[in-house]
Each structure stands twice: as C-alpha cells, then as structure tokens.
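Colleague: Chains X and W, in that order, are what the protein sequence lines are. When the count follows this note's numbering, it moves up by one through the first sequence with no breaks and lands on 107 for the last residue. When the count follows this note's numbering, it moves up by one through the second sequence with no breaks and lands on 621 for the last residue.
The set of hints was computed from the structure by calculation and includes no laboratory data. Since the structure is predicted, the reported quantities are computational estimates derived from the model, not experimental observations. Glycine included, C-beta positions come from ideal geometry on N, C-alpha and C. Please note that a few of the clues may not be correct.
Claimed, not checked - Residues of chain X clear of chain W, computed beta-carbon distances all greater than 10 Å:
| # | residue |
| --- | --- |
| 1 | Pro50 |
| 2 | Lys67 |
| 3 | Gly83 |
| 4 | Gln89 |
| 5 | Pro93 |
| 6 | His106 |
Claimed, not checked - Straight-line distance between alpha carbons at most 30 Å, and here's what the computed DSSO-like set of lysine-lysine pairs gives:
| # | chain 1 | residue 1 | chain 2 | residue 2 |
| --- | --- | --- | --- | --- |
| 7 | W | Lys47 | X | Lys81 |
| 8 | X | Lys81 | W | Lys179 |
| 9 | W | Lys170 | W | Lys355 |
| 10 | X | Lys96 | X | Lys31 |
| 11 | W | Lys318 | X | Lys31 |
| 12 | W | Lys608 | W | Lys469 |
| 13 | W | Lys408 | W | Lys170 |
| 14 | W | Lys179 | W | Lys318 |
| 15 | W | Lys522 | W | Lys311 |
| 16 | W | Lys382 | W | Lys355 |
| 17 | X | Lys67 | W | Lys382 |
| 18 | W | Lys306 | W | Lys355 |
| 19 | W | Lys317 | W | Lys408 |
| 20 | W | Lys487 | X | Lys22 |
| 21 | W | Lys487 | W | Lys522 |
| 22 | X | Lys67 | X | Lys31 |
| 23 | W | Lys61 | W | Lys170 |
| 24 | W | Lys311 | W | Lys355 |
| 25 | W | Lys569 | W | Lys428 |
| 26 | W | Lys311 | X | Lys81 |
| 27 | X | Lys61 | W | Lys382 |
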Amino acid sequence: MAISMTPAAEQHVSRHLANRGKGRGIRLGIKTTGCSGLSYVLEFVDNQEPDDQIFECGAVKLFIDPKSLAYLDGTELDYVKEGLNEGFQFNNPNVKEECGCGESFHV
Amino acid sequence: MALLQISEPGLSPEPHQHRRAVGIDLGTTNSLVATVRSGTPETLPDKQGRHLLPSVVHYGKGGEIQVGSAARRRLVENPLDTLASVKRYMGRGVEDIARLGSELPYQLVDSDNGMPSFQTAGGAISPVAASAEILEALEQRAELALDGSLDGAVITVPAYFDDAQRQATKDAATLAGIKVLRLLNEPTAAAIAYGLDQQDQGVIAVYDLGGGTFDISILRLTRGVFEVLATGGDSALGGDDFDRAIAEWIGRQAGLPDALDPSQQRMLLEAARAAKEQLTEQQQVDVAAAGWRGTLGREQLGELLKPYIDKTLRACKKAVRDAGLEIGQVDNIVMVGGSTRTPRVREQVAQLFGKPPLVDLDPDRVVALGAAIQADILVGNKPDGEILLLDVIPLSLGLETMGGLTEKIIHRNTTIPVAKAQEFTTFKDGQAAMAIHVLQGERELVSDNRSLARFELRDIPPMVAGAAKVRVVFQVDADGLLSVTAKELTSGVEARVEVKPSYGLSDEEVTSMLKASYTHAKEDMQARALKEQQVEADRMIEDLTAALAADGRELLSEEEYHCLEVALKDLRSLASSEDHRLIARHIEMVAKASETFAARRMDVSIKKALSGHHLTDFDEQ
Numbered sequence: 001m002a003i004s005m006t007p008a009a010e011q012h013v014s015r016h017l018a019n020r021g022k023g024r025g026i027r028l029g030i031k032t033t034g035c036s037g038l039s040y041v042l043e044f045v046d047n048q049e050p051d052d053q054i055f056e057c058g059a060v061k062l063f064i065d066p067k068s069l070a071y072l073d074g075t076e077l078d079y080v081k082e083g084l085n086e087g088f089q090f091n092n093p094n095v096k097e098e099c100g101c102g103e104s105f106h107v
Numbered sequence: 001m002a003l004l005q006i007s008e009p010g011l012s013p014e015p016h017q018h019r020r021a022v023g024i025d026l027g028t029t030n031s032l033v034a035t036v037r038s039g040t041p042e043t044l045p046d047k048q049g050r051h052l053l054p055s056v057v058h059y060g061k062g063g064e065i066q067v068g069s070a071a072r073r074r075l076v077e078n079p080l081d082t083l084a085s086v087k088r089y090m091g092r093g094v095e096d097i098a099r100l101g102s103e104l105p106y107q108l109v110d111s112d113n114g115m116p117s118f119q120t121a122g123g124a125i126s127p128v129a130a131s132a133e134i135l136e137a138l139e140q141r142a143e144l145a146l147d148g149s150l151d152g153a154v155i156t157v158p159a160y161f162d163d164a165q166r167q168a169t170k171d172a173a174t175l176a177g178i179k180v181l182r183l184l185n186e187p188t189a190a191a192i193a194y195g196l197d198q199q200d201q202g203v204i205a206v207y208d209l210g211g212g213t214f215d216i217s218i219l220r221l222t223r224g225v226f227e228v229l230a231t232g233g234d235s236a237l238g239g240d241d242f243d244r245a246i247a248e249w250i251g252r253q254a255g256l257p258d259a260l261d262p263s264q265q266r267m268l269l270e271a272a273r274a275a276k277e278q279l280t281e282q283q284q285v286d287v288a289a290a291g292w293r294g295t296l297g298r299e300q301l302g303e304l305l306k307p308y309i310d311k312t313l314r315a316c317k318k319a320v321r322d323a324g325l326e327i328g329q330v331d332n333i334v335m336v337g338g339s340t341r342t343p344r345v346r347e348q349v350a351q352l353f354g355k356p357p358l359v360d361l362d363p364d365r366v367v368a369l370g371a372a373i374q375a376d377i378l379v380g381n382k383p384d385g386e387i388l389l390l391d392v393i394p395l396s397l398g399l400e401t402m403g404g405l406t407e408k409i410i411h412r413n414t415t416i417p418v419a420k421a422q423e424f425t426t427f428k429d430g431q432a433a434m435a436i437h438v439l440q441g442e443r444e445l446v447s448d449n450r451s452l453a454r455f456e457l458r459d460i461p462p463m464v465a466g467a468a469k470v471r472v473v474f475q476v477d478a479d480g481l482l483s484v485t486a487k488e489l490t491s492g493v494e495a496r497v498e499v500k501p502s503y504g505l506s507d508e509e510v511t512s513m514l515k516a517s518y519t520h521a522k523e524d525m526q527a528r529a530l531k532e533q534q535v536e537a538d539r540m541i542e543d544l545t546a547a548l549a550a551d552g553r554e555l556l557s558e559e560e561y562h563c564l565e566v567a568l569k570d571l572r573s574l575a576s577s578e579d580h581r582l583i584a585r586h587i588e589m590v591a592k593a594s595e596t597f598a599a600r601r602m603d604v605s606i607k608k609a610l611s612g613h614h615l616t617d618f619d620e621q
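Using the sequences and the hints given, assemble the complete structure.
Modeller: Here it is, written out as structure tokens:
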C-alpha cells in the first residue's frame, strides 16, 4: 500500500497548511456519490480518526481511512495548472472510467 | 480531470457542486478579483499574469468594447471614448457630474431616468454600464480560473457610499450577471485580509489612499464583530492628485503653458506616474518630457505631495475624534491602496499614530483578498459560520413632519442592519392620505436636508385628526439599503418604498452637511421652534374656526363671540411672523380666551351623548 505526492503538490499543501495556521495534515479519501459512483475527498485534518493510516511525504502527513485506501492504493497526488485554473489532481491507477468532467469515477 | 482544492474537514463538495465565490474590489483606478483556494485567499491574474485590471473602458465606433490595459492605452489618443474613474460617478446626479465634468474630458448627456451618461463613439454610456463591463471582465477571468460559473461575489464599496451609490453598484453587478452575496465595506475587507478578525478586540484604523479617493475608517472589533465607528476622507484626493502635482511640476520645469490639450495632459501624467512609482524604490529618478530633462528626488517629491498628505492626516485625526477616541487608542493601522507605497506616506502615518502601519500584504490587493474570504464564508465553504459585520449609516434618516420639519428616525452612526419604527397621526379631520417624505441629513428643516424618496399612504379611512395611527418603519439592510414602510394600524392599509437611487450626494457633501448641522445648530433650533409654533397656531386657527362656525352663535354671547374672533384674527396675522415667542404668547392667549367656549362645547357633547340613556347602560360598559 502506497500513496505519494509530487513535489509541486507537497509544496502547495505545505503552504496552505501554513496559511491556515492549524491542521495536522490533509485527508485523502473517497466517498460514494456522484453521477459515476465515487468522488474524491481532499480536506485539512484537525482530528485523526482511530483507523487512519498515515503516510509521510516530506513535511506533510497524509491521512487515509482504510476503506478509501483500497480504492486509492498507488495514487499520486499532483498539483497542476491548466490555463488560469489550478488545483490538485489524483493520479489514481485504480480508476476504470470517469464521468465526462472527471469529478466522479468507477473502479 | 477536474482539479480539486483542499476543503475544511467534512466540507468536501459533492461532485458538480463546487461553490465558486469571489471577492471583487471594484476600484476607482484598478479593480481586482480574488478567491479562496484550499483555504488561502489569492487574487486571480489574467492570461498575461496581470492581477490589476485598470478600471478603464473604451467604446469604439464599431461597437467594440475594450476593458483594462487595452482600454487604458487608448486614453491618450482617444480620451473622449475612453472612460476612466467611473466609480466617482456611480449613483450621482447630472448636476454633481457637471460640476466635476469641467475637469474631465468627457461629454455628458442626460438620459431619460435622470442619470447622466457619457457620450462616446459607442453611444451614451452610463457609469453603471461601464462598471458592469469591468465586473464582467473580472467575472470571465474568475470563471476561467475556477473552471465554472460563479455562485456569487462579495463586492466592496467605500464605507461612506450612500444608498444611491450602493444601489448603483448592485445594479452594475446585476447587469454583468453576477449574484451579489453582499456589499462589503472596503476597510472591513482590508481588516479581514490581515486576519484582524481573529483577535479578541481592538481598534483598527484603515488608511486607504487609492488612485482617486482617500478614505479613513475607524473600526472597532469586539469578539469577532466589526463595527465601523467613523469614516472620513475625501473623494477627490488620491494618487491621481500626486500624479497631477508631479505633472504640473514637470510642466513648469519644461516651461510648458498652463493650458494643455487632453493628449498633452495625459502624456505629462504618464511621465509623472512613472517617476512616482520608481521613487518608491529609488532615491531619485530621471524625468524627460517635451524636450526637457531633469531629475526628481524623494525630498522634492515629498514637498510636492505634502499638501495632500497633510490633508489625509487631518482627516485621520478628525475620524479618530469622531469615533470618540484618542490617537493612542488605535491598535492597528492597515494600509490600503497603491498610493500607500509612497515612502513619505508611510512615514507620516507611522508618525501620526505613533506605531508602524501594517504593510505586509500588497496594498492594491488587500481589499479583494478580504472580500474573497468573506465570499468563501457566505457561500458556505467555511464551517465557522458567518462573520457578523456591522457598519454604520453616515447620515441620519428621517421624514418630513408638518411645517417642513425633519423628524429623525434612525440617527447617524447607528450600526446596521437596523429597523426602527415610529407612530404618526393625521393632522386634519377626514384626512385620507399621508405623504411620506424620506430625508437624509442632520438639519432641522426639510429644505436643508437631502430628499431620498416620496410616497403616499392612501385609503386611510375617515377619522378625526389625531385618531389614525400610522406606523412608519425604517429598515436598513446589511448592504446599507433603505426601505420604508408606512402602515395605518386601525385599517391595515400599507405602502412602502425601497429607496431607489435619488442621485446626487458625494462624501464631501456628507461632510459639509454634517458641518452645516454644527455651524447652524442654533439657528436650526430657532427655525424648528418657529415652525413648531406656526404649526400649532395653524392647528388652533383651524380648530377654533371650525368650532365657532359649528356652534359659536349658540353657545357664546355676542361679546364673547366677538372677543374670540378678534383673538383669532390677531393670531392669524401673527402666524407667519418670525418670532416664535410672540406666536407662542398669542396661542396661549387664544387658548385662555377660548376656555369657556371649550368647556361649554364639552358640556353640550356630553349631554348629547348621555341623553336617552339610562345610568345602567354605562355600568354595563
């Protein structure tokens, strides 16, 4: 089981955590919803859940619950710019198909 | 693949339900749009990486419209069709603009609704329409950056903006298709950007020296609640004046005549602006214009700017005084506006307040950043609930009562949102309608205040004077917009008015109206006393005349009747005199003279009411 981040993602997460002034790291997860089954969760973490698995990427801690980890194994979190738009992107090898806009997916 | 942002715990959006909210600083000289991404507010650049959008709109012959830098480049060659600083004209009347117009190279035309427009190659353009173009350009930029349409925006306005100016700003947003989450006062936005809302309490001075306006605001923060204690400033003072002062200096050095054509003026101004900007980094700069070459140093610049900076410092002192505070009680000073980059400005402000001002955030962007934070909360991306922002109304709101007097309903410096009610009654028997005249200002006489709106409450059922109960409610919402409702309580008839822009008030006028209310305090009191006595005299004349006509002959002897008639005639001739004491004395005399008459009338009406009834009838009641 492994989760990773690109340097760009790590840098942006660090900056946002510093700006926020609190938070132990970020949570990666999936929830069952959306037009194509699953969607991603990307949140700041203030409280750790008992079953959380923690991955350390440089200075940043990634918190993932066991159920989500099954769908996210091997995922790399990236930070990309597309024109004026910019944000985080999950490069998830488990995804079989996505809805048109890519906001939800199947495994 | 859609790009994601980090959310607060538990607030990850559902797919396709991202709430995109922005803060927009619609400035006189430059405008900006900002948003919160992964918890961090940031201003959004255009494709060329420029964050500031010059608030300039160019209207071409073929109907093409340019906004921003492209439009600003047309200012020199085509000043008539290129509108700059339109914020100054938002919500203003024809006369106000005509007064400013002599200094500016625009052709004004009246339009049907009383709002003035600028004549351009692209037709007559209102300030609202030009502002809408700027807002739309920012909206497009934000939608590209956020990859979708906006759910709402917080747009900032100066704290002193009146109802008309706020409404004009909202109209511009509507025209641009933007949903306004809230209008937010610029100084409050700046304080939020510095995170000062996270403190427990404190007094914050926001010194905002922009391109065309200077505003000083004194805010008090108590447990996360902002209250604007006082505002002051000058809507015709800013970096543009700095540029003009420098341009005039360059003109003098270059031996140019005083009267220049618009293009030459613009050229000198460009040179002046460049010199000013370089002097924030360097001690002195080379200047060249119209064949002349020379140098301008910081000292010389300081001398040129001194009258303007001094003016801002005087306004600061006054605002602190208005807030009922001492200079030393100000905990933080927030610097806003590009002109606060000028080193001399920072030095002087630090000296006045006795502490260094906050300058870490880009003074051009700080207002937009704060607005973005507020927008993020209002659109529901934050768990902490809404920051409650309290603002104050700059001038008292009231209505006209008999005799042309102003009755204040909501007093100046009341925090908003606020609703206040007062009951009024009819003046004449059988009065079927009541005119409500909504006023703004501090003076006693209607004619000295500003008229905001007029409307009528109709269909009041016939009643004797004083029996109707008309409840008038003044409500000012969080955006500072006023609505007035009048309701006759016995019948339930109701009428209301949203204060629609009644254009024509600037903040200098606010200031001068305030000043006038102080300097004219004594004569105002006398004028009020006089009017009150005149109204009282009129009422008495009317009542007594009616009573005499009704049953004077029956109840009074010839002599008594004659005596009252004479007293009445005296009062009538005096009613329009200027001496309120004299009128009061005569009212007293008439009242005394008619006591017997009144007593007899009372007896008669009681007898009438009682006759034909048995005593037990009254016991039961």
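Colleague: Taking the earlier hints as the rules, which of them does this structure contradict?
Modeller: Numbers 3, 4, 9, 11, 14, 16, 20, 21 and 26 - these are the hints that the structure violates, sorted from lowest upward.
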